[in-house]
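Novice: Residues per chain, in single letters:
2 protein chains.
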Amino acid sequence: MHSGKYILFYNPLCHNHLMNKKSIKNITIVGGTHGNEFTGAYLAKYWLNNAYKVQRPSFDTQVVFANQKAFKEVRRYIDRDLNRSCSHDLLNSSVSSHEQGVAQELNTLIGPKGERDKNSDFVIDMHTTTANMGVSLVISNESELTWIVATYLSEQFPELKIYRWQGDEEGAFVDSLGSDGFAIEVGAVPQGVLRADIYKQTEEVVYKILDFLELYNSSIVDIDRKVTIYDHVELVDFPRNSSGELAAMVHPDRQDKDFSEINRGDAMFLTFDGETLSYDLDESLYGVFINEAAYYEKGFAMCLARKIEHTF
Amino acid sequence: MHSGKYILFYNPLCHNHLMNKKSIKNITIVGGTHGNEFTGAYLAKYWLNNAYKVQRPSFDTQVVFANQKAFKEVRRYIDRDLNRSCSHDLLNSSVSSHEQGVAQELNTLIGPKGERDKNSDFVIDMHTTTANMGVSLVISNESELTWIVATYLSEQFPELKIYRWQGDEEGAFVDSLGSDGFAIEVGAVPQGVLRADIYKQTEEVVYKILDFLELYNSSIVDIDRKVTIYDHVELVDFPRNSSGELAAMVHPDRQDKDFSEINRGDAMFLTFDGETLSYDLDESLYGVFINEAAYYEKGFAMCLARKIEHTF
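Sequences listed follow chains U and A, in order.
Last residue of the first sequence? That's 463 in this note's numbering, and every number before it is there in order.
Last residue of the second sequence? That's 463 in this note's numbering, and every number before it is there in order.
The shape of chain U in the complex, shown without the other chains (with noise of 0.2 Å):
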């Protein structure tokens, strides 16, 4: 049993709900749905090659190198964003793009998604990100062993940090072929570079749900019902000229500073000419996904959220 020091024991309030509980029987880890975010990419090749460390005795644990001619090109993607091609119209047409084709052979490999009976009951995703965002996980489905999972992690990872996606391509995320799971985000890590600590941490958080879910599988897991997440809000895209280009950098005051607490008059942007433009909405909201880079083409220079407490 890998699971230090968390308490597992009975607790009455909840027998009910956990005597119908789910039986994980096959998870799937995914890397390289990036080309360009290595660490996973990584990991996913080492797991390959050492299956040993990521089975556990009460569940089957698939390993998949998601995009790799994307990898080999150190490039995020080759046609389409893979993590933006899993949608139900992308998976049920005929394909005209590479990550097309990807996303339907994971589809087989991990769902059908949609349908009740899957290959995969629960899917991790393994993202970097240029954003100072530490170890994070993005979550986007509602399913109660997501929560439990996440509030776990929260609760052995102290400065784990959860942001809830709620935007219109979460339906096309690749965890969202299956039931359960989410997307590790870890960083700050450049594109196209491996980074040891940010690899060690990835590897951690991994073997931690691995461990986590085998006992879950064998025992009564009492958990608090109440976890601290970043909730979605709205995006935020960089000032911008006529012609659609950047008027304006992440202020040095914002950079690095994911999941910190923005209130009005703080600096958001530093236009090329040296003036600062600061953030103006009433109600205090937390960056995320600051300055990353493969949202500049997406047209959003962060994302703004609600702190709250979310109860499941």
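Heads up, some of the hints might be wrong.
Identical copies go unnamed one by one, so any copy, or any two together, can satisfy a pair.
[Unchecked claim] With a Cα cut of at most 30 Å, we get these calculated DSS-like pairs of lysine-lysine: (1) 264 / 172; (2) 351 / 408; (3) 449 / 223; (4) 449 / 220; (5) 220 / 196; (6) 196 / 449; (7) 408 / 172; (8) 359 / 204.
No lab work stands behind these hints, which were simulated from the structure alone.
Please build the complex by placing chain A on the supplied structure of chain U, with the hints as guidance.
Specialist: Relative to chain U, chain A alone:
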């Protein structure tokens, strides 16, 4: 006069020497040599729209946004590395790649390379790095003016480091098109990211160079003929397996430690199994370009340099 606290005075010992000094008539600032190094690209765009910022009374300043096609695709290059494409061979043969064409255009604007009369007297090529190199100069020529400017900058910015590159490719750098000049490398910043702090540091160094060249044209400049530099010794590749794939990462103790001394027994790499590989040379050297994203494909994890007092 913008040179701040720098004091000029007449030194009779230097008189003969300085009477023969070169007069600067034209200089060139290049940004976007690599399309995913945003600092130089955005500075070039800014100065193309705000030319007065880089003009000085005694010389003309030309600003070049070099690889715009690669910038649009957020890639280092389209076909081949532009900063390895300015060799005599490539400048004087028919164009077979996008970057060879750009190199020949740059040679028209700046050179002709190797000829005495050039269109530009000094070249500043702006780069960024994912390595934690702070503000540094990469010098690959022996021209006196280059070293005078570099020495002046190291006096003005005590944290600035000078790395003298003496590899096989030095003759193909963009700054080799001029008789004098160097590359500025500022980091750490991910590829495809604009960081305001890195942008402002680069901008400040360029303005300092321009102000100094203005001063140089009009005054007798007395400057120390000795400067501390990091002199290239060798390249160190990642440990690789028989297929050429990475078998280890830069060790956490080495990551971000650019321009720090490495002694026998110090940690260099960490294998995916957790084994530490150590430095085994007798001579203590200094790491430079540690874990630079662009050099994975070139086959090195860092450069090793000797710290010396360089006289010129």
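Novice: Go through the copies and call it for residue 449 and residue 223: within, between, both or neither, with a Cα cutoff of 30 Å.
Specialist: Both: 23 Å inside a chain and 14 Å across chains, each within 30 Å.
Novice: Could you figure out if residue 359 and residue 204 sit no more than 30 Å apart (CA to CA) within one copy, between two copies, both or neither?
Specialist: within (12 Å within a copy, 54 Å between copies)
Novice: Please sort residue 351 with residue 408 into within, between, both or neither, judging by C-alpha distance up to 30 Å.
Specialist: Both: 22 Å inside a copy, 19 Å across copies.
Novice: For the identical chains here, do residue 196 and residue 449 meet the 30 Å Cα criterion within one copy, between copies, both, or neither?
Specialist: For residue 196 and residue 449, the Cα distance is within 30 Å both inside one copy (29 Å) and across copies (21 Å).
Novice: One pair to classify: residue 264 and residue 172, alpha carbons no more than 30 Å apart. Within, between, both, or neither?
Specialist: For residue 264 and residue 172, the Cα distance is within 30 Å only inside one copy (21 Å; across copies 73 Å).
Novice: When no copy is specified for residue 220 and residue 196, does a C-alpha distance of 30 Å or less occur within a copy, between copies, both, or neither?
Specialist: Classified as within: same-chain Cα gap 14 Å, cross-chain 33 Å, threshold 30 Å.
Novice: Quick one: residue 449 to residue 220, C-alpha cut-off 30 Å, is that within a copy, between copies, both, or neither?
Specialist: Both. Shortest intra-copy (22 Å) and inter-copy (19 Å) distances satisfy the 30 Å Cα cut-off.
Novice: Which holds for residue 408 with residue 172 at a C-alpha limit of 30 Å: within a copy, between copies, both or neither?
Specialist: neither (38 Å within a copy, 49 Å between copies)
Consistency note: the structure conflicts with earlier hint 7 alone.
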